[in-house]
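We have chain A; now place chains B and C onto it with these hints.
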Amino acid sequence: MARRWKWRRVQSGTALAAIILGSVIVRGGVDAAKPVIKIVTQSPLSGEQSALGEQIKLGTQLAVDEGKARIEKLGYTLQYIPFDDQAKPEVGVANAKNFLADPDVLLVIGHWNSGVALPSSEVYRDVSLTMISPANTHPMITDRNYANVNRVCGRDDVQGPVGARFAAQDLKAKSVYVLHDKTLYGQGVAEAFRDEAKKLGLQVLGYEGTEEKSNFDPILIPVKAKNPDLVYFGGIYHQAAVILKQMREKGIKAAYMGPDGLDSSEMAKIAGKAVVGSYYTTVAGPPSAYREAAAFVKTFKQRFGKESESFSMYAYDATAVGIKAIEAAIKDAKGKKPTREQVAAAVRKVEHKGITGDIRFDSKGDPVKAKYFVLKFEKEEYPGKIVKVLEIEAPPLKKP
Amino acid sequence: MDILIAIFPQVLVDGIALGFMYALIALGYTMVYGVLTFINFAHSEIFVAGAFVGVEVLLTLQAWGLLQDLHPVLLLLLVLLAGMTMSGVLALAVERVAYRPLRAAPRLVPLISAIGVSFFLQDVIRFGESLWRNAFYLTYPSIPFFDQRIQLTAFVDVPLKSLVVIVAAILMLVGLNLLVHRTKIGTAIRAVAEDQATASLMGIDVDRMIALTFLIGGAMGGAAGVLFGIQYSLITPYTGFIPGIKAFTAAVLGGIGNIPGAMVGGVVLGLLEAFAASYLSLLTGGAFGAEYKDIFAFSILILILVFRPQGLLGEVVRERA
Amino acid sequence: MDGYRTWFLRPSTQAAVVTVALLLSSFLVYAFPRSLPAFLLFQASLLILYHARIARALKIGFAAGALGLLLPILGSINGYYLEVGIQVGIFVVLALGLNIVVGLAGLLDLGYVAFFAVGAYLWAIFGSRQANQFVPASLIQFPLAPEWFFVFLLLGVIVAGVTGILLGLPVLRLRGDYLAIVTLGFGEVVRVLVNNLDKPINFTNGPIGITPIQRPPLFFLPVLEGLGIRASPAVLYALYFYFLVLLIVIVVTLVSQRLHHSHIGRAWEAIREDEMAAAAMGVPLVRMKLLAFAAGASFAGTMGVLFSAKQLYINPESFTFMESIGVLAMVILGGMGSIPGVVLGATVVTVLNLQVLKELSIWLNTLRHTEAAIYIPLIGSFNISQLPPQFEPAKYERMVFGIILVLMMIFRPQGMIPPRRLRRTRGG
Numbered sequence: 550m551a552r553r554w555k556w557r558r559v560q561s562g563t564a565l566a567a568i569i570l571g572s573v574i575v576r577g578g579v580d581a582a583k584p585v586i587k588i589v590t591q592s593p594l595s596g597e598q599s600a601l602g603e604q605i606k607l608g609t610q611l612a613v614d615e616g617k618a619r620i621e622k623l624g625y626t627l628q629y630i631p632f633d634d635q636a637k638p639e640v641g642v643a644n645a646k647n648f649l650a651d652p653d654v655l656l657v658i659g660h661w662n663s664g665v666a667l668p669s670s671e672v673y674r675d676v677s678l679t680m681i682s683p684a685n686t687h688p689m690i691t692d693r694n695y696a697n698v699n700r701v702c703g704r705d706d707v708q709g710p711v712g713a714r715f716a717a718q719d720l721k722a723k724s725v726y727v728l729h730d731k732t733l734y735g736q737g738v739a740e741a742f743r744d745e746a747k748k749l750g751l752q753v754l755g756y757e758g759t760e761e762k763s764n765f766d767p768i769l770i771p772v773k774a775k776n777p778d779l780v781y782f783g784g785i786y787h788q789a790a791v792i793l794k795q796m797r798e799k800g801i802k803a804a805y806m807g808p809d810g811l812d813s814s815e816m817a818k819i820a821g822k823a824v825v826g827s828y829y830t831t832v833a834g835p836p837s838a839y840r841e842a843a844a845f846v847k848t849f850k851q852r853f854g855k856e857s858e859s860f861s862m863y864a865y866d867a868t869a870v871g872i873k874a875i876e877a878a879i880k881d882a883k884g885k886k887p888t889r890e891q892v893a894a895a896v897r898k899v900e901h902k903g904i905t906g907d908i909r910f911d912s913k914g915d916p917v918k919a920k921y922f923v924l925k926f927e928k929e930e931y932p933g934k935i936v937k938v939l940e941i942e943a944p945p946l947k948k949p
Numbered sequence: 171m172d173i174l175i176a177i178f179p180q181v182l183v184d185g186i187a188l189g190f191m192y193a194l195i196a197l198g199y200t201m202v203y204g205v206l207t208f209i210n211f212a213h214s215e216i217f218v219a220g221a222f223v224g225v226e227v228l229l230t231l232q233a234w235g236l237l238q239d240l241h242p243v244l245l246l247l248l249v250l251l252a253g254m255t256m257s258g259v260l261a262l263a264v265e266r267v268a269y270r271p272l273r274a275a276p277r278l279v280p281l282i283s284a285i286g287v288s289f290f291l292q293d294v295i296r297f298g299e300s301l302w303r304n305a306f307y308l309t310y311p312s313i314p315f316f317d318q319r320i321q322l323t324a325f326v327d328v329p330l331k332s333l334v335v336i337v338a339a340i341l342m343l344v345g346l347n348l349l350v351h352r353t354k355i356g357t358a359i360r361a362v363a364e365d366q367a368t369a370s371l372m373g374i375d376v377d378r379m380i381a382l383t384f385l386i387g388g389a390m391g392g393a394a395g396v397l398f399g400i401q402y403s404l405i406t407p408y409t410g411f412i413p414g415i416k417a418f419t420a421a422v423l424g425g426i427g428n429i430p431g432a433m434v435g436g437v438v439l440g441l442l443e444a445f446a447a448s449y450l451s452l453l454t455g456g457a458f459g460a461e462y463k464d465i466f467a468f469s470i471l472i473l474i475l476v477f478r479p480q481g482l483l484g485e486v487v488r489e490r491a
Numbered sequence: 018m019d020g021y022r023t024w025f026l027r028p029s030t031q032a033a034v035v036t037v038a039l040l041l042s043s044f045l046v047y048a049f050p051r052s053l054p055a056f057l058l059f060q061a062s063l064l065i066l067y068h069a070r071i072a073r074a075l076k077i078g079f080a081a082g083a084l085g086l087l088l089p090i091l092g093s094i095n096g097y098y099l100e101v102g103i104q105v106g107i108f109v110v111l112a113l114g115l116n117i118v119v120g121l122a123g124l125l126d127l128g129y130v131a132f133f134a135v136g137a138y139l140w141a142i143f144g145s146r147q148a149n150q151f152v153p154a155s156l157i158q159f160p161l162a163p164e165w166f167f168v169f170l171l172l173g174v175i176v177a178g179v180t181g182i183l184l185g186l187p188v189l190r191l192r193g194d195y196l197a198i199v200t201l202g203f204g205e206v207v208r209v210l211v212n213n214l215d216k217p218i219n220f221t222n223g224p225i226g227i228t229p230i231q232r233p234p235l236f237f238l239p240v241l242e243g244l245g246i247r248a249s250p251a252v253l254y255a256l257y258f259y260f261l262v263l264l265i266v267i268v269v270t271l272v273s274q275r276l277h278h279s280h281i282g283r284a285w286e287a288i289r290e291d292e293m294a295a296a297a298m299g300v301p302l303v304r305m306k307l308l309a310f311a312a313g314a315s316f317a318g319t320m321g322v323l324f325s326a327k328q329l330y331i332n333p334e335s336f337t338f339m340e341s342i343g344v345l346a347m348v349i350l351g352g353m354g355s356i357p358g359v360v361l362g363a364t365v366v367t368v369l370n371l372q373v374l375k376e377l378s379i380w381l382n383t384l385r386h387t388e389a390a391i392y393i394p395l396i397g398s399f400n401i402s403q404l405p406p407q408f409e410p411a412k413y414e415r416m417v418f419g420i421i422l423v424l425m426m427i428f429r430p431q432g433m434i435p436p437r438r439l440r441r442t443r444g445g
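Protein chains in written order, with the numbering used here: chain A, 550 to 949; chain B, 171 to 491; chain C, 18 to 445.
FYI, nobody ran anything at the bench for these hints, they're computed from the structure.
Don't take each hint at face value.
[As the list claims (entries may be wrong)] As a list, the in silico DMTMM-like pairs of lysine to aspartate or glutamate whose alpha-carbon atoms are at most 20 Å apart:
1. K855/A / D614/A
2. K354/B / D377/B
3. K920/A / E890/A
4. K637/A / E334/C
5. K802/A / D327/B
6. K822/A / D317/B
7. K762/A / E286/C
8. K637/A / E671/A
9. K799/A / D317/B
10. K775/A / D327/B
11. K880/A / E890/A
12. K920/A / E942/A
13. K773/A / D327/B
14. K775/A / D172/B
15. K216/C / E740/A
16. K898/A / D692/A
17. K918/A / D692/A
18. K773/A / E226/B
19. K773/A / D377/B
20. K802/A / E226/B
21. K799/A / D327/B
22. K216/C / E760/A
23. K818/A / E226/B
24. K855/A / E815/A
So that you can see chain A by itself, here it is in the shape it has in the complex (with noise of 0.2 Å):
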């Protein structure tokens, strides 16, 4: 009974230790005189895509800084808080919940990954909170037309045909294997790229999936026997580039191309000399591809002491449309601090000039125009070349 005993009165007695401990640490936040409004980001900031992640954070830090004035002249004080998703579905959703239990916050700016993004947004859309992304190309973001859910870069299903177009005019290949990594980013994208290839009369000689991390040997054998004149791989750099090393070991010749998924300086890394004359699309060029964009890079460098990266830009285009937005609430309320229904609302009418282009939404969300990008690695080295650039029209609403 003793031990038993000793047990019990260490749990009470820590736990009476905590209450005693937390009554000290306790603090409330303290409150500033004019009312605030909230900035959140929603994107990695640990593991391995935290580069990316980080690169959205900043660029969205930029544009509230430079934002802040003219919010302030309307007697708000606008504040900014980066939220860290993991790259997983269920920590933006927690953070999602976390966040909008605070009515201050009135504009997310996020994710990288579409495959959080998707349920995050549907908890924004219960409390009709504005969510613009500078980087989800999945076409589902908008596609369920929801009012409070934008985004200011291009599509996968316009990605994935740009690749095919590319590969059919100015790569003149006749057939295409098309692989995946069985996920919500990469097959979409290679669905969208085998479907355009079959219609420009491309041969589409396999599509295949696989979660596969590192033995892409059976994989590999029948894209060799069948000798295709370009391999397509839908999905990130970790298994993009060990598939691309894979196949030249392999003695397959074919041109090799995928989506922004390898739009990363640890391509080149991971893949060695195998990546030299490889392509890629995206929908974010590098900062050079931009006129606007010069004195960004600049104030960017002096600011964060790093080079700025593409998505960066979108973050910060994002969040300057955004703000426009709550400006032209709040004028709309008179002064008053707007609803999260009226910003979302305000955000679909902002017409802006950014620094990757005019944005300007349509009744999903899309940006009227998106600028997509063709690069192709010419040395061992990150960035690619840009090979082409092109500016298309997001598609229409499908009807379901």
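Then chains B and C, alone, in the frame of chain A:
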């Protein structure tokens, strides 16, 4: 139809290489199970640890500019030795810390502890590599010598590294079999496997023999890790999980506790997987894809366990009293 | 033991302590709605309540007040606490289910999350447009009406239970570690199947997942409006799900308890302790094992249905081996075979994952941006901004699970709150 025949030899070779990899990992499971009737769940991480040590050695040599100068065979031996040492020692440590105190406990207790060790090690490796290299996805630098391809027929060519894997695995398996069946130490290990109490009465140090079993199994796992890295290049702390399960399947398939059985089981599984992955999509016109290969592996595991639990080459598994 | 009967063990004092703890912590949460320590205190006071030596009825009254009234009120101040409550509830039910299989019957199931997935996909497919991919729309137009949700809660129990039996049948002959590996394989097979069954016939929509999924009907809305209460759908649904989960938790706990104390529960424990002896004593091994699988699976199935309705979106990524291990860690930490232990284990692990590790990461991050320094004796002062970014507790949940499993097995295999029967035999 032609294509089905044309790719056959290539799939065969790749499947065998994969199978020997599984066989090497399976040894760690099968030896420990043979002696303790216990699944060392953490073996997949011991395998990964070997792979990481291998890549670290190669990257260091590369940084020193020695990668091109060393003779490839010497290089291979050096990396293998490093990987085997690390994995062997790690297996020893795991046994000492997490399994030995639990030897008398009910069967589930050490198994759960092993699962815990497995998860713990994954993140320890990740943490260490993140600190050290700021990345935990590491790529083996390519060694041009091993990347050469040997042309067998007009269509079939084999990369030298696959042959290295097969040869190294066969050598190790044969060596190990000799050790267990032809030496005094091997006899002692088998005695402990038969009956611990009696063995200890005969003057055998049971703790030492069990530790030795872990050391040998771990070292084999480490060698498999290095070979895995050389063969497939990219490794992560989580790489071990699936090969670990497959290797265990191979061990069960061949008859757990049985060294030649591990080899047979590994090769059968490797071939099956390679053929499933390459042919399923071709045969079904894309309706079923390569992804079903894992379902094949697991279904075999279930079928074997249900209908022939002693495996292809094994004896009937004893029930531990 | 009379020596311990000092003043603070008297029931009246204990009741007072519990009241003070509950009220104080609730007040702190109310005053500082974003403070994690305050919320942890609230949870700690529930633990104090559990250990207090007061009348059973009073205890239940306190618990009902704290969970049925205080927490929802606090949740309306910071909605995140409701989400935490819901998640804790979901995992409590999963852990109770696994507890039957592992804790009572002693069958280590490493693919438990598969049953959760079965329930989740059951409602996701029929509670969204997905079902029209294989059922012609001319026949039935999907999604089903929200009212069907309640039918599916029951269907989840049945379908997952049947799946449990289907898995149980072939593997019954296996024991111990073989069973563990086979169930692990089964869990993976279910995940791979779900991920791949978008062709040739699209059942699950593969990796893309299913969205939007119907939520249960707000049948009480007219009543609320009649009372003049207006709330945003987010708050309404959060409260709704919270009470639904609470209800299921209560039902499942009662069922667990009844099973535990019935002849079935004792048969399971007999099997766990010694299968051969149990068989010799006339325990029908096959039936009992199947029953354990079915009961455990059915808990997970019904929670799966609720989970998919709550998430609005599911894809195969939510049903990995990691989740199975997480639930196992809860059972082990709390105490295999002990209902209060498992509830505690589920709460601790969920809160650790959802709140504590994350807060720690955020805290370390903010520290890194300040110029704070720690002085370590002998080594000298250390600037926190130099702390490498890899020190982020939220990233290392596997390590946390691993440490829990190993340490518990070595030092306290019976768990934080060991089961009564064990206590009776080993204690005193």
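Each hint tested on the structure:
{"no.": "1", "hint": "K855/A / D614/A", "in the structure": "17 Å, holds"}
{"no.": "2", "hint": "K354/B / D377/B", "in the structure": "16 Å, holds"}
{"no.": "3", "hint": "K920/A / E890/A", "in the structure": "29 Å, violated"}
{"no.": "4", "hint": "K637/A / E334/C", "in the structure": "9 Å, holds"}
{"no.": "5", "hint": "K802/A / D327/B", "in the structure": "15 Å, holds"}
{"no.": "6", "hint": "K822/A / D317/B", "in the structure": "13 Å, holds"}
{"no.": "7", "hint": "K762/A / E286/C", "in the structure": "42 Å, violated"}
{"no.": "8", "hint": "K637/A / E671/A", "in the structure": "15 Å, holds"}
{"no.": "9", "hint": "K799/A / D317/B", "in the structure": "9 Å, holds"}
{"no.": "10", "hint": "K775/A / D327/B", "in the structure": "16 Å, holds"}
{"no.": "11", "hint": "K880/A / E890/A", "in the structure": "15 Å, holds"}
{"no.": "12", "hint": "K920/A / E942/A", "in the structure": "9 Å, holds"}
{"no.": "13", "hint": "K773/A / D327/B", "in the structure": "12 Å, holds"}
{"no.": "14", "hint": "K775/A / D172/B", "in the structure": "11 Å, holds"}
{"no.": "15", "hint": "K216/C / E740/A", "in the structure": "13 Å, holds"}
{"no.": "16", "hint": "K898/A / D692/A", "in the structure": "19 Å, holds"}
{"no.": "17", "hint": "K918/A / D692/A", "in the structure": "16 Å, holds"}
{"no.": "18", "hint": "K773/A / E226/B", "in the structure": "32 Å, violated"}
{"no.": "19", "hint": "K773/A / D377/B", "in the structure": "52 Å, violated"}
{"no.": "20", "hint": "K802/A / E226/B", "in the structure": "31 Å, violated"}
{"no.": "21", "hint": "K799/A / D327/B", "in the structure": "8 Å, holds"}
{"no.": "22", "hint": "K216/C / E760/A", "in the structure": "16 Å, holds"}
{"no.": "23", "hint": "K818/A / E226/B", "in the structure": "16 Å, holds"}
{"no.": "24", "hint": "K855/A / E815/A", "in the structure": "18 Å, holds"}
Hint check: violations occur at hints 3, 7, 18, 19 and 20; the rest are consistent with the structure.
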